[in-house]
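A.B. asks: Spelled out, the chains give:
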Amino acid sequence: MKFMTQTLQLILINLKSVPSRWGATLVIVVGLAGVVGVVTALQSMSAGMVATLRSTGSPNRAIVLKGGSNSELSSFITRDQAVVIEQAEGVAKGEDGRALASGELILIAERPLRRSKTDSNVSMRGVGAAGFAMRPEVKIVDGRPFKPGLQEIVVGVKALEQFVGLEVGSTVQIRGSQWAVVGTFSSNGDAHESEVWVDIGTAQSAFRRNGYSSMLVQLQEPTAFDAFKDSLTADPRLQVDVLNEIEYFSAQSRSFTRIIGVLVTVVGIIMGLGAVFAALNTMYSAVAARTVEIATLRALGFGGSVVILATIAEAMTLALLGGAIGGLGAYAFFNGYTVSTLGAGFTQVAFSFRVTPGLLITGMVLSLFVGFLGGFFPALRAARMQIAVALRAA
Amino acid sequence: MSPLVSIRGVSKRYTRGKQTVEVLRKLDLDIASGDFLALMGPSGSGKTTLLNLIGGLDQPSDGEIRVNDKRIDQLSSNALAKWRARHVGFIFQFYNLLPVLSAEANVELPLLLTDLSKAQRKKAVAAALAVVGLSERATHKPNELSGGQQQRVAIARALVADPTLLVCDEPTGDLDRKTADEVLTLLQDLNRNYGKTIIMVTHDAKAAEFATHRLHMDKGALAGEAP
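Heads up: the sequence lines are chains Z and D, in that order. Per the working numbering, residue 1 is the first one in the first sequence, and the count goes up by one each step. Per the working numbering, residue 1 is the first one in the second sequence, and the count goes up by one each step.
For reference, chain Z alone in the conformation it holds in the complex:
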């Protein structure tokens, strides 16, 4: 208890002396604010992308792709195969007795981005009535749904934010033909909101496609997935990959999160090392500036371990302050900030940065770690200084 009281008192004394050396102290605070701000912002980008893609889909739905395809864009399902898939075990039936399955076509269209005015790829999804029926999260928020047989499109709310000229009432040229924008839809913030939807039959006709990119099926219940998958993979007429819809979209974010992970690690290590050296410099300066004070306290009877703990605690407190500033800065500037990037299908996926409590805590832990490293060696020096010699520094 006495040890704790001494340590606490010494920490308070150290912190009280901080205003007298703000210049040196700012190095550690600003350094850590920068590290935590950048690392948190990068991680929040990854978290936002992952959250967007992982929120896409339902455990009740399965997606069928051509065997070996990584994404819908590189997949092709023939009409004959689509019929077989509709009749597989585990597929739910609608009130009309027909299988709840939606053959869908994914195409790429080029549109100029609002931010850069340069052309970028937007996903164009051909869907039928079943596609809407199976996705209750999809809601028309402006205008109306497209009419089958007409060259009409509905635009996801994030695609509307990202691309020029997709407002309801406008006409856009896609792949040489004119399409009227008749509505805007939302989809609980998932990846579909970055897409443009069109009637499947019209798309097949306009773009001369005689099949589908994928088949989305409604399962009778989530546990029916294995039976559904087994029935398709065992069927010699098919060579397909069957994935749960959530699993499919999660997989789409893996390469992105891997790249961000590497980026965060590299940037974090480089900046973190810089911050450690800044902290070391600050704390060595602090110890040097307080040589006589520390020696006096040691002369009065304060133990070396108390001095070590108090010096480390001071460094960690300053680092924590820097980390808090960096974390809050990242939250203020980036949380909810919407951007788009190329997804797995080389199309734009819009998502919002998510500065989560977990990321803020990670930033704080990083700050404390850097503060500990930055304080440890100066603390050892402070504790090991010869009292009689140090007192003469006055």
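These are computed hints drawn from the structure, not numbers from a lab. Be aware that a few hints might be false.
Capping the alpha-carbon separation at 27 Å, the derived lysine-lysine pairs in DSS-like fashion look like this [said to hold, decoys possible]:
no. : chain 1 : residue 1 : chain 2 : residue 2
1   : Z       : K2        : D       : K26
2   : Z       : K2        : D       : K82
3   : D       : K82       : D       : K118
4   : D       : K70       : D       : K141
5   : Z       : K2        : D       : K123
6   : Z       : K2        : D       : K118
7   : Z       : K16       : D       : K122
8   : D       : K118      : D       : K141
9   : Z       : K16       : D       : K141
10  : D       : K219      : Z       : K16
11  : Z       : K16       : D       : K82
12  : Z       : K16       : D       : K206
13  : Z       : K66       : Z       : K229
14  : Z       : K147      : Z       : K93
15  : D       : K70       : Z       : K2
16  : D       : K141      : D       : K123
17  : Z       : K66       : D       : K118
Stretch-level coverage of chain Z by chain D, calculated; a stretch enters the list once three of its residues show a Cβ under 8 Å from a Cβ in chain D [stated by the list, open to error]:
no. : region
18  : 2-10
19  : 14-21
20  : 384-392
Label pairs and their in silico Cβ distance ranges [to be verified]:
no. : chain 1 : residue 1 : chain 2 : residue 2 : range
21  : Z       : L26       : D       : K219      : 25 to 31 Å
22  : D       : T139      : Z       : R21       : 19 to 25 Å
23  : Z       : F277      : D       : G17       : 29 to 35 Å
24  : Z       : P357      : D       : T15       : 15 to 21 Å
25  : Z       : F277      : D       : S61       : 47 to 53 Å
26  : D       : S43       : Z       : Q386      : 32 to 38 Å
27  : Z       : F277      : D       : R192      : 54 to 60 Å
The C-beta atom is built at its ideal place from N, Cα and C for all residues, glycine as well.
Starting from the known structure of chain Z, fit chain D onto it as the hints suggest.
C.D. replies: Just chain D, lined up with the frame of chain Z:
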């Protein structure tokens, strides 16, 4: 009656590069309880080194030092720190007050190493400040006090835990004559009326006159009683 401080065959050597410098040479000294001893001598004579050894700030290369019959030359660093906290009050030339703390907080520092409650510490601090005549300045920071007042705060800090010894290294070296005399009168009062044993290093012959004994040092050895 055994002396309060007993020094036998104490030597202190420092190594600077390949050279070994002997600062104290087989020194013997006894200091009685209640003494006010002034150690005098030219720079480099070893008086501050001897004071540091008596105060437990340093360890001798050879010989033994006993204070109150306890050998302190063989104590570990931690044990020595605890011993200093209990038995020694330090008064330095440049006061060595912590600039961020008020006078009373500076005086309280040695008490943080004791088991006293906050209320008990407060009472002891008030008493120590009263002894040095600075009750009115308790909440002032060192930079708001004159040199003499700062040294009085340092004396209060040295006194507050009621140590066995008061160890003073040039306590008036940074003060003008008048203020120095006031501080020395205070030390004399502590010695005469409170029975404090005081060991003081000084260059100043006038300061030494306030002591009950004066010893002269030269080249690491005692050169006899100073006049």
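A.B. asks: Determine whether the Cβ-Cβ distance between T139 (chain D) and R21 (chain Z) falls within the hinted range of 19 to 25 Å.
C.D. replies: Check passed, 24 Å falls within 19 to 25 Å.
A.B. asks: Between K219 (chain D) and K16 (chain Z), is the straight-line Cα distance small enough, at 27 Å or below?
C.D. replies: Answer violated: K219 (chain D) to K16 (chain Z) is near 43 Å, above 27 Å.
A.B. asks: Please verify the coverage claim for the region 14-21 of chain Z: does it have three or more residues whose C-beta sits within 8 Å of some C-beta in chain D?
C.D. replies: With 3 residues closer than 8 Å to chain D, the region 14-21 of chain Z meets the three-residue bar; holds.
A.B. asks: Within a Cα-Cα threshold of 27 Å, do K70 (chain D) and K141 (chain D) meet the stated pairing?
C.D. replies: violated, 37 Å
A.B. asks: Can you tell me if the region 2-10 of chain Z counts as covered by chain D, using C-beta to C-beta distances under 8 Å and a minimum of three residues?
C.D. replies: holds (count 4)
A.B. asks: With a cut-off of 27 Å on the C-alpha distance, tell me whether K66 (chain Z) and K118 (chain D) pass.
C.D. replies: Between K66 (chain Z) and K118 (chain D) the Cα gap is close to 78 Å, so the pair fails against 27 Å, i.e. violated.
A.B. asks: Next pair to validate is K16 (chain Z) with K206 (chain D); report whether the Cα-Cα distance is within 27 Å.
C.D. replies: violated, 39 Å
A.B. asks: Quick one: are P357 (chain Z) and T15 (chain D) within 15 to 21 Å, going by C-beta?
C.D. replies: Roughly 57 Å apart at Cβ, these two residues miss the hinted range, so it is violated.
A.B. asks: Please work out if K16 (chain Z) and K122 (chain D) have their alpha carbons no farther apart than 27 Å.
C.D. replies: holds, 21 Å
A.B. asks: Taking 27 Å as the top limit, are the C-alpha atoms of K141 (chain D) and K123 (chain D) close enough?
C.D. replies: holds, 19 Å
A.B. asks: Quick one, are K118 (chain D) and K141 (chain D) close enough, alpha carbons at most 27 Å?
C.D. replies: Answer holds: K118 (chain D) to K141 (chain D) is near 20 Å, not above 27 Å.
A.B. asks: Does K16 (chain Z) pair with K141 (chain D) here, judged by a C-alpha cut-off of 27 Å?
C.D. replies: Holds, at about 12 Å.
Of the numbered hints given earlier, the model fails hints 1, 4, 10, 12, 17, 21, 24, 25, 26; all others are met.
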